[in-house]
Amino acid sequence: MAVMTYREALNEALAEEMERDPDIFLMGEEVAEYEGAYKVTKGLLDTFGDRRVVDSPISELGFAGLGVGAAMAGLRPVIEFMTFNFAFLAIDQVINGASKMHYMSAGQFPMPIVFRGPTGAALQLSAQHSQACETYYTHAPGCKVVTPGTAADAKGLLKASIRDDDPVAFMEGELLYNLKGEVPDDDDFVIPLGVADLKREGSDVSIITHGKMVHVALQAAATLEKDGIEADVLDLRTIRPLDVDAILDTVAKTNRAVYVEEGWPYAGTGAQITTLIQEEAFDHLDAPLLRVSQADVPMPYAKNLENLAKPSADRVVDACNRVLYR
Amino acid sequence: MAVMTYREALNEALAEEMERDPDIFLMGEEVAEYEGAYKVTKGLLDTFGDRRVVDSPISELGFAGLGVGAAMAGLRPVIEFMTFNFAFLAIDQVINGASKMHYMSAGQFPMPIVFRGPTGAALQLSAQHSQACETYYTHAPGCKVVTPGTAADAKGLLKASIRDDDPVAFMEGELLYNLKGEVPDDDDFVIPLGVADLKREGSDVSIITHGKMVHVALQAAATLEKDGIEADVLDLRTIRPLDVDAILDTVAKTNRAVYVEEGWPYAGTGAQITTLIQEEAFDHLDAPLLRVSQADVPMPYAKNLENLAKPSADRVVDACNRVLYR
Amino acid sequence: MAETKTRKKKGNAKGGGKPSGAALLEQHGVDEALALDLLREMLLYRRFEENAEEAYAIGKIGGFCHVHIGQEAAAAGAIKPLRDDDYVVTAYREHTQAIAKGVDPKAVMAELYGRTDGSSRGKGGSMHIYGAECRFMGGHGIVGGQVPLGAGIAWKIRYKEEDSVVVCFMGDAAVNQGAFHEAMNLAAIWSLPAIFVVENNEYGMGTHFKRVSATEVVDRSASYDIPAISVNGQDVLETYARFRDLAEEVRGGGGPRFVDLQTYRFRGHSMSDPVSGTYRSAEEVEERKENGDPITLLRGTLFDAGILDQDGLEEIDGEVRGLVEEAADFADASPKPGPEELYEHVWAQENHGRLFFDRREQAR
Amino acid sequence: MAETKTRKKKGNAKGGGKPSGAALLEQHGVDEALALDLLREMLLYRRFEENAEEAYAIGKIGGFCHVHIGQEAAAAGAIKPLRDDDYVVTAYREHTQAIAKGVDPKAVMAELYGRTDGSSRGKGGSMHIYGAECRFMGGHGIVGGQVPLGAGIAWKIRYKEEDSVVVCFMGDAAVNQGAFHEAMNLAAIWSLPAIFVVENNEYGMGTHFKRVSATEVVDRSASYDIPAISVNGQDVLETYARFRDLAEEVRGGGGPRFVDLQTYRFRGHSMSDPVSGTYRSAEEVEERKENGDPITLLRGTLFDAGILDQDGLEEIDGEVRGLVEEAADFADASPKPGPEELYEHVWAQENHGRLFFDRREQAR
Ligand SMILES: Cc1ncc(C[n+]2csc(CCOP(=O)(O)OP(=O)(O)O)c2C)c(N)n1
Ligand SMILES: Cc1ncc(C[n+]2csc(CCOP(=O)(O)OP(=O)(O)O)c2C)c(N)n1
Ligand SMILES: [Mg+2]
Ligand SMILES: [Mg+2]
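Those protein sequences? They're chains R, A, W and G, same order as listed.
Position one of the first sequence corresponds to residue 1 (my numbering), numbered consecutively onward.
Position one of the second sequence corresponds to residue 1 (my numbering), numbered consecutively onward.
Position one of the third sequence corresponds to residue 1 (my numbering), numbered consecutively onward.
Position one of the fourth sequence corresponds to residue 1 (my numbering), numbered consecutively onward.
Same shape as in the complex, but just chain R (with noise of 0.2 Å):
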């Protein structure tokens, strides 16, 4: 197991794939000269050139459209999204054009595209500059959400993304990037999508996260751990399509969930989740399922009312504890 940063995992598959497949290219702005605004695409340039490494205008609907363009005709573009909170101006091509096209033509035209950028909160970036947008792609069926929270979930994730002929939106962190951790060392280190990971294991609770929010709902359980309560912690690693058998496994096992999430509540992706649960496992049900997400408001600039705003490990131990009925 080599340790490195989710950066250097996320540029370690891009380099692996781009290494393997010739149709690979990468386009973006500031992914070539520049390396990425984050970084991730560091040594790029230099080791594939700028045939396969290409800086984009600012122009997000234009070079998005670009990529469905290539992918029907064959190529396999990775279409970096500086952030994803820019990606609303594109989000007409990701719809309208990528998500529905294998339909609309009847199996003709396989999108074989990835969306990638860090989505959600940094550190009091604002209203424009901090959502999480997973809802907005997981809602129409057709393109796929994968959002990794460790350096080896986003190593196997974006190489089993990029290999796959669904257009993928790929969502990052950018307070991840730094975050170090162990990936298996084996040279084509590949995790399916829709395949959720059990972080922690425990019989109590279940608390049920995707995306950077794993390290909260680990930072929860750890605190009730004190408390001798034992919580599974399930990271659903794909949002779209969902581990539906391992989210009813862990509910059969805790018969209460809590549902941590990045996002605004409403309608949000944990709205689908306990949605999910309780249609199918309403029986096993002993409380409510409980959200904890992002204050339903934008988000705002002073520290202390984003700290508010986002979601915390106290307010994960909190719902625990009342789905608990402690």
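Treat the hints loosely; a few may be bogus.
[To be verified] Now the in silico label distances, taken between C-beta atoms and shown as ranges:
{"#": "1", "chain 1": "W", "residue 1": "D85", "chain 2": "R", "residue 2": "D187", "range": "53 to 61 Å"}
{"#": "2", "chain 1": "A", "residue 1": "K42", "chain 2": "R", "residue 2": "L123", "range": "28 to 36 Å"}
{"#": "3", "chain 1": "A", "residue 1": "S312", "chain 2": "R", "residue 2": "P22", "range": "32 to 40 Å"}
[To be verified] Which bits of chain W does chain G cover? Going by a derived footprint, with three or more residues having C-beta under 8 Å, they are:
{"#": "4", "segment": "175-182"}
{"#": "5", "segment": "204-216"}
To be clear, the hints were calculated from the coordinates, so they are not data collected in a lab.
For glycine and all other residues, C-beta sits at the position ideal for the given N, C-alpha and C.
Chain R is already provided as a structure; the job is to place chains A, W and G with the ligands on it using the hints.
Frame of chain R; chains A, W and G with the ligands shown alone:
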């Protein structure tokens, strides 16, 4: 009570409000000379002139943003999207602009703008033209979402939306435009936003819905009645903000609920309502909450497949029977 | 030639000192066989869509249906000069362009009927005709949405160092979309092998181009320094000649080109829209049909050149009518898609995790 | 004048046959008092942001913070000629432009500190400074997003038949956004009273404009037939004179204008980005600071004209440093927003239905 079509009701609301307040203007594709792709703006150019009823180029992002700027400067724009399918191109101005402006400016810039147009499927318009887009606007805080299902609601809610100082996504139904209904005569008929309407009373099961689906729900309720089952049909009318009390009241009464929505199930508005209910009325539930929605696929063209994909009264009856364990 | 903007007044093909039919063929380097072929093609498109209109009227075709009647030269003239390995991508008024690029008229008609033998097995419909094997890339319904796709297809050609080109069609109203602006700039900075063609039929639905645009169509590539020309799109010979030359310029690495292809729509915007009304007069439409029908114009040239006479014309017409009948019968006979097709082609790839709707279905 | 494109080589203000300081003031119709005021303003912006940089370094300011250092003439020269009832809307590099339009430096600093006396009570931060009462319309973070807003503000002016104007700033990278294209066309077809100003500092983050753009900035209004000029944005006198004239042209109903305001960023893109590196050399930056500092240039002119000497300069500098100290102390003393503010200003209007989060909170 005058009987008029949903289209006429919207037209009256626009005319009355524009008459009342000279700062209201209407802009969109084909709204003036062509009198609207669906003729909702019939006669308005003649009455108010081309200063206030304005044909725009096909530039959704541009004229939506123009509306946001005009609202910041004190006007009250009504921006028509020919359909909300095309609003994906403009969603950045709605989510990052209109919906956050008041918060980012700490109250300096209220946002009295209405984005209106049809949402959801009509007949065989295929994948890119048959999307119920509500959830894309309910997820983020700051934007209100209004979905009238009848002529009276169309008129009263549009007037309220135009008078509201928050941005409103006012979502109509192409298939509703010709629907006739009674509309109160009083010359200032306004329905406050955020107040649900019990369209039918019954005590056995709650059918909760919004928009076009209220008619599917009522049809299902009529079928159930023949079986001796009395359904409450609650029309939310506004899906953001939500009339939480009305929802909890009907569930407290029947202890069983089905949500019917035109959109996709995954992390849709129905998931939100379901989650809200199970979080806050868990002990009132005698059965899991079920949803009836569009099939989780892009909308196919072929008529027989389209009918399979759409929510139907049969499927609602079915779901009601299941929550009644019959 | 394409380096400099040349504006053509509409109808100048029939302008003063009218050249003979033979001279016109000569001028455009189109031989007799090809000329007859272009006529045959355009007649096929015309009859095909007339037939579709009838089918629509009796409910065999549903949804939005936009016909190309009056604009056939923009299909035959712009696409016939292309090679099989060249690409075409376009908007929703694309039945004829699909056929021109090689999609079987039977498959197009079956698609309009929503049947399994349709080009998209009935799932796409009129606005979403695709033909992967003949490099017809659809069939897109969001105005301007296909322009970045065109740039992306051209990107692939350059990336793979192929010498094919892509012709990307759009309507005049599409040039006011941001997608147009962004894609044109991308094509220019990377010198992509794309011909961006505005089918300038003067109107976007009920809005005349001049009412919503600050400059002429042909001026719209100035900001990107992409060479632009205006072409009389009702003159199939001129259109053919220009696109033949443009394709070679682009193939040779000349970078993108922009074409203001001046044409006119003889029908309403879609089957459900009026032919004329507040936005254009019946007289205007009549005048254009009278003097600007691409089929009539070519027929005149061929008669004049002595290549074709009335009998020959009727023979060709009978032939294409036969093909259209066949297509209609084929579509009629083709089965409707089965219920299992609803959930097919949502994902290209088997999912390791379970699809959401699997559960939903199981639960039902 | 603005009818014709005029290109200026950068630095030509100090080019051959250099005119005297007095002659320059004369030429631009700027009197002594105004000239001194412009210097004072630019010094204030410079000292303000230098102070903010220090505050950022010690964590008093967080998030993204983009300073305008080197570009101060684009605030003083472009905004000072405006009337109180004129509007300004801009992007995220806007501290100085807010101050120029009349927002109290204290309120700007308090906003950077995230305090309740900030222009947005600490909720907006560096990228979202607003000043409704002085018609400073923000402070927007999506590149190009403010351009349609500018068109909308101009729409309101025209709608209300006022004779004010709006100046809409954007960076050079913003011209490749679809929003720019759509808004420019809207402004042109409706002849809106807007001046669209590209602060052309040559780079968007680490990308030089020429690498991602097919033509020069000044060429980008050609497709909309909007008159364009290039202005030396390091020369505050020229900038002031041009904007004074443009504002009157537009006020008089002349329709929109487009300005390529040529300037240079002396710092990194934001506080967290390097000043130089792969994308531009340290030498390049040094050379520009050396010869293109708007404050140094004006100082030279004023010294040369005998309007100002070193003592006078230091006096002004001391004065503005005092104001900046005051602003910093004010910000420091201002309270942090209380928890109740989290849920304020989400909605402008009381909701008849209950807000979702009310319940969520109640439940906690
Ligand atoms: C983004 C978007 N906005 C609006 C529409 C509705 N619409 C369909 S076609 C059309 C007019 C397009 O005109 P033009 O581009 O000139 O093409 P033509 O129909 O003349 O071939 C409009 C407004 C759409 N499909 N997509
Ligand atoms: C739509 C969008 N894409 C990307 C970004 C990230 N970003 C912020 S500023 C910037 C560069 C903009 O450069 P320019 O417009 O020249 O303005 P300058 O910073 O030079 O003042 C980028 C890429 C953004 N904020 N919005
Ligand atoms: Mg047209
Ligand atoms: Mg710049």
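Under the constraints set out in the numbered hints, which ones does this structure not fulfil? 1, 2 and 3
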